[in-house]
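Number of protein chains: 2
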Amino acid sequence: MTKLIHNLVQNAAGRMVPAQINGQEAIPYQGLGNYRPTGRKAAPPIRSCVDYPQDGDKTVGTIKEALVNAGLRDGMTISSHHHLRNGDFVANAVFAAAAELGVKDLRWVPSASFPVHEPQIAHLESGVIHHIEGSMNGPLGDYCTRGKMRGMAVLRSHGGRYQAIQDGEVHVDIAVIAAPTADPFGNATGDRGPTACGLLGFALADSEYADHVIAVTDNLVPFPCIPWQIQGNNVDQVVVMDSIGDASKIVSGTTQVTKSPDRLLIAELTARFCDEAGIIQDGFSFQAGAGGTALSFALFLRDMMRERGIKARFVRGGSTQYLVDMLEEGLTEYILDGQTFDLEGVRSMRENPGHQNTSPFTSYNWHGKGNFASMLDAVVLGATEVDVNFNANVVTHSDGRLLHGIGGWQNCLASKCTILPIPSFRDRIPVLVDEVTTLCGPGELIDVIVTERGIAINPLRHDLLERLRGSSLPIRTIEEIKGEVEDICGGPAAKPELGEKVVAAIKWVDGTVIDCVRQVGD
Amino acid sequence: MTKLIHNLVQNAAGRMVPAQINGQEAIPYQGLGNYRPTGRKAAPPIRSCVDYPQDGDKTVGTIKEALVNAGLRDGMTISSHHHLRNGDFVANAVFAAAAELGVKDLRWVPSASFPVHEPQIAHLESGVIHHIEGSMNGPLGDYCTRGKMRGMAVLRSHGGRYQAIQDGEVHVDIAVIAAPTADPFGNATGDRGPTACGLLGFALADSEYADHVIAVTDNLVPFPCIPWQIQGNNVDQVVVMDSIGDASKIVSGTTQVTKSPDRLLIAELTARFCDEAGIIQDGFSFQAGAGGTALSFALFLRDMMRERGIKARFVRGGSTQYLVDMLEEGLTEYILDGQTFDLEGVRSMRENPGHQNTSPFTSYNWHGKGNFASMLDAVVLGATEVDVNFNANVVTHSDGRLLHGIGGWQNCLASKCTILPIPSFRDRIPVLVDEVTTLCGPGELIDVIVTERGIAINPLRHDLLERLRGSSLPIRTIEEIKGEVEDICGGPAAKPELGEKVVAAIKWVDGTVIDCVRQVGD
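Residue numbers (this note's numbering), protein chains in the order written: chain A, 1 to 522; chain B, 1001 to 1522.
It is possible that some hints are incorrect.
Calculated from the model, a selection of chain A residues having no Cβ within reach of chain B, i.e. all distances over 10 Å [as the list claims (entries may be wrong)]:
| # | residue |
| --- | --- |
| 1 | Met76 |
| 2 | Ala97 |
| 3 | Gln166 |
| 4 | Pro224 |
| 5 | Gly232 |
| 6 | Asp387 |
| 7 | Gly400 |
| 8 | Gly454 |
Only part of the chain B face toward chain A is listed, based on derived beta-carbon distances under 7 Å [stated by the list, open to error]:
| # | residue |
| --- | --- |
| 9 | Arg1308 |
| 10 | Gly1309 |
| 11 | Ile1310 |
| 12 | Arg1313 |
| 13 | Thr1362 |
| 14 | Asn1458 |
| 15 | Gly1499 |
Output of the computed footprint for chain B on chain A, the stretches with three or more beta carbons under 8 Å from beta carbons of chain B [said to hold, decoys possible]:
| # | region |
| --- | --- |
| 16 | 36-48 |
| 17 | 105-118 |
| 18 | 136-149 |
| 19 | 196-210 |
| 20 | 371-380 |
Calculated directly from the structure, the hints in this document are not laboratory data. We put the beta carbon where it would ideally sit given N, CA and C, even for glycine.
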């Protein structure tokens, strides 16, 4: 008999999800738009200028000293942001200092973690860190999937993380903000300095709602640091480190367009679909990521726009040199940027008034007065799996391992036309499946799947089906494409072997639990 | 026997102040830095995107419709900002609509009111408005002083207003934000449009903390309105009016330097004092207002800086063409601007990246993690009266009438050197008095008084007295200057005849009550 290790309940998507997460009640997903929040936002403590230096100099010597001043103790929650990506030195320094101070059972709430953060495994083993809530790209995700973390991981979208902190679902005791440039008062920007990363929007909620905020910089400038993407008025202490990150790993010097013929075909089909669907017209908007296919899609789009003299009102980044080129060429009036993926993005954010710094608050927070994501005419996203009901997975691989974060993916599904350009199989494993291993996005929100074998329009989108009737594009049903792929791959994708233990909860944009991830191996 | 109409208590400044204000407990002033706030900030309701239009279009037809949608009812608090100054059409339109809707007993919390707002007297008379909390320049102040308002007015500094809203001391039900340019989502800016006023910082707290936020514009642009000084994510509804204001009364086309020989002398003495006190050096900072003397001071300073090749790190506005000239000439790296006083200020804010939009949150909020005001090397302010203990008054005239707001004045006293350049008498009434009619700023914070008859340094500033020893400047005691003035004017200033009724409470920057204003006449 299997030991009951979780109290699971079935949610509105038919998924069995934990009723409690790390001892707190969790609300199961209730279907699109059905969960209504109540109550008031989280409220940080009222401070007084009496307790802060009159000359505005909040610098202290070391991270360790800052953590002591902040009152670090067992069981606290520490947050960090991931704009420095795989080049981040700060989060590791924070937990090294916490370990030296002998504290235990910390909850780490990064906006995302990367392979560079592997040293935290030792702190999870030693008890310094209890568990992680935040995307885990790579080794930490693997560690989590193997059931080794004491607590349950919680994965949230960028907007969901803002929502959780805003709503008080996640109370951050100490936020540590890696700041490429800062002044002694704590005003900080990511758009300049030796470790420039562009913007700092993922740290906004932390700066606004944490009880205590520490900015860490390697480029201290005299007050005022302008622009102030993070406001010093929200910062308690400023620490200067020799280097906050490895610049070469923060941004890739160039983000590359795909060279794969299949991916190029997918990108072209996606652009042509947008065209035939009537999306590409003056004043339109779109968002595409920094992957090879998405970049290639943007280039096809750009060529169409150039040819026809069409100008976008705005494009949403992750910015890259390609979006920057479009802005500087006048093909779009604005880039509304959530993160900069390359050095051209950083430069443009610093130089172009039309390259606008945004945040999960402006763009993605579901518990707000609207957000930007639903205004997009088209958004182009990826997925690890898509099922016949258009449900999609972005966090686990076909073997069940949790190796990716959600990013803004769930939030972007709110767009007017959500398109997933994906290969129909990877490593001879079909990407189109009967049921996704992990449900991250409900099929009702995913409008179009574009593969190298054809384009499937969600049957719910009568308007799109109608519009594309008689198109020369290879419009097919998802079942047809799936069948063809299974013939090639020798059958459907094998279901992964999953254990009983729930290692991670997947939150929907409204804070409810849409699915969970089970232990694999060990 | 006088009827006891207020329960008064003596505060730490020796002033008798009301223990309750409009039925709420009030905390008497406890001395500089002695009051410590507790608890957490105000928390607005959690909203959901489900309840806002997916296409981001929050426009509604009229202010009246917006007020109905916002659930306007008797006794609510409505806030507004004063960046449109004496040209504002919006606040009048709001209360006209409220009157039409038949609601009563509203509390109006403007950041300031002007003569243009005189129509609210009719609404005070009819019962639509119960009372006003906010600066009252002109007729409303006069109305209040005559004891005609049903509730007690509350005057707060710009920082104090932010503090009060942030701390939940003032709960705003509906904030109405006049927006010179806005998009349908509610993103708004003051730096462009037919009624451009520069920035919108005085509305920041309202946008962040009110239960419901209405933006009113006469210049609707397609999403995104960039810059977004007010974030659409905080806005519930957008109303388009034909015109939100009279552009000619919003900003004065030119703000004029004084031509009075006495005022010019005062301005020059102030600049020379700053020089001899060692304030004017590379990287310094200062703030001066837009009055004739302050502008003239800035010009003397500018000339000194030019001559010696000295560059300021930042100057704080109220910006004018004079500060803009300094910025564009390279005499300062930044203008940190709280409001734009003329059209050049508006243009510069739009064009110069070094002309930075600030707010009472960044600059003045005492219940924050520090603020900008205390970092200023020198600040030059006005006063209606100063007493021998350097206490100063900025709200009442010598006849006791409440005709001015506090503005940022109290907040600015936190600077490293606070200088009041003032005429020693006005209309043959001495400005230097034994005891100020209304205490707005404690003498401990006022370092220097500069009059046409000499400069008085606060005896508490041993360092300044030491530094100026042997100076060729006319350094005198405040008593000496006062005595000389009284000889000229035929005696000390007469005490105004004040009634029993407290018509207004004067808050200190920490929310405590530093003084109150008594009824005059009627």
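Verification of the hints:
1. Even its closest Cβ contact with chain B, about 18 Å, leaves methionine 76/A beyond 10 Å, as expected for a residue assigned away from the interface.
2. The Cβ of alanine 97/A lies farther than 10 Å from every Cβ of chain B, with a closest approach of about 22 Å, so its non-interface assignment holds.
3. Under the 10 Å C-beta cut-off, the non-interface status given to glutamine 166/A relative to chain B is violated; the minimum distance is some 7 Å.
4. Non-interface status of proline 224/A relative to chain B is broken: a Cβ of that chain comes within 10 Å, the nearest being about 6 Å off.
5. Separation of glycine 232/A from chain B is inadequate, the least Cβ-Cβ distance of about 7 Å not exceeding the 10 Å criterion.
6. Chain B leaves aspartate 387/A outside its interface by the beta-carbon criterion, the shortest separation being 25 Å against a cut-off of 10 Å.
7. For glycine 400/A, the condition that its CB be more than 10 Å from all CB atoms of chain B holds, with the nearest at approximately 32 Å.
8. Listed as outside the interface, glycine 454/A is consistent with that label: its C-beta sits roughly 29 Å from the nearest C-beta of chain B, beyond the 10 Å cut-off.
9. At its closest, the beta carbon of arginine 1308/B sits 20 Å from a beta carbon of chain A; the interface hint therefore is violated under the 7 Å criterion.
10. The interface hint given for glycine 1309/B is broken, as the beta carbon of that residue sits about 18 Å from the closest beta carbon of chain A, more than 7 Å.
11. The interface hint given for isoleucine 1310/B is violated, since its Cβ lies 15 Å from the closest Cβ of chain A, which is over the 7 Å cut-off.
12. Contact between arginine 1313/B and chain A, as hinted, is supported at the beta carbon level, the nearest pair being about 6 Å apart and thus within 7 Å.
13. A hinted interface residue such as threonine 1362/B counts as satisfied when its beta carbon comes closer than 7 Å to some beta carbon of chain A; here the least separation is about 5 Å, so the hint holds.
14. Interface hint at asparagine 1458/B: violated, since its Cβ lies 17 Å from the closest Cβ of chain A, which is beyond the 7 Å cut-off.
15. At about 35 Å, the closest approach between the beta carbon of glycine 1499/B and any beta carbon in chain A exceeds 7 Å, and the interface hint on this residue is violated.
16. Closer than 8 Å: that is the beta-carbon criterion, and the region 36-48 of chain A has 13 residues meeting it against chain B, so the requirement of 3 holds.
17. Counting residues of the region 105-118 of chain A whose C-beta sits closer than 8 Å to any C-beta of chain B gives 0, which falls short of three, so the coverage hint is violated.
18. Here the region 136-149 of chain A counts 0 residues with a CB under 8 Å from a CB of chain B, which misses the bar of 3, and the coverage is violated.
19. Given as covered by chain B, the region 196-210 of chain A fails the check, having 0 residues with a CB less than 8 Å from a CB of that chain where 3 are the minimum.
20. With 4 residues carrying a beta carbon less than 8 Å from a beta carbon of chain B, the region 371-380 of chain A meets the three-residue requirement, and the given coverage holds.
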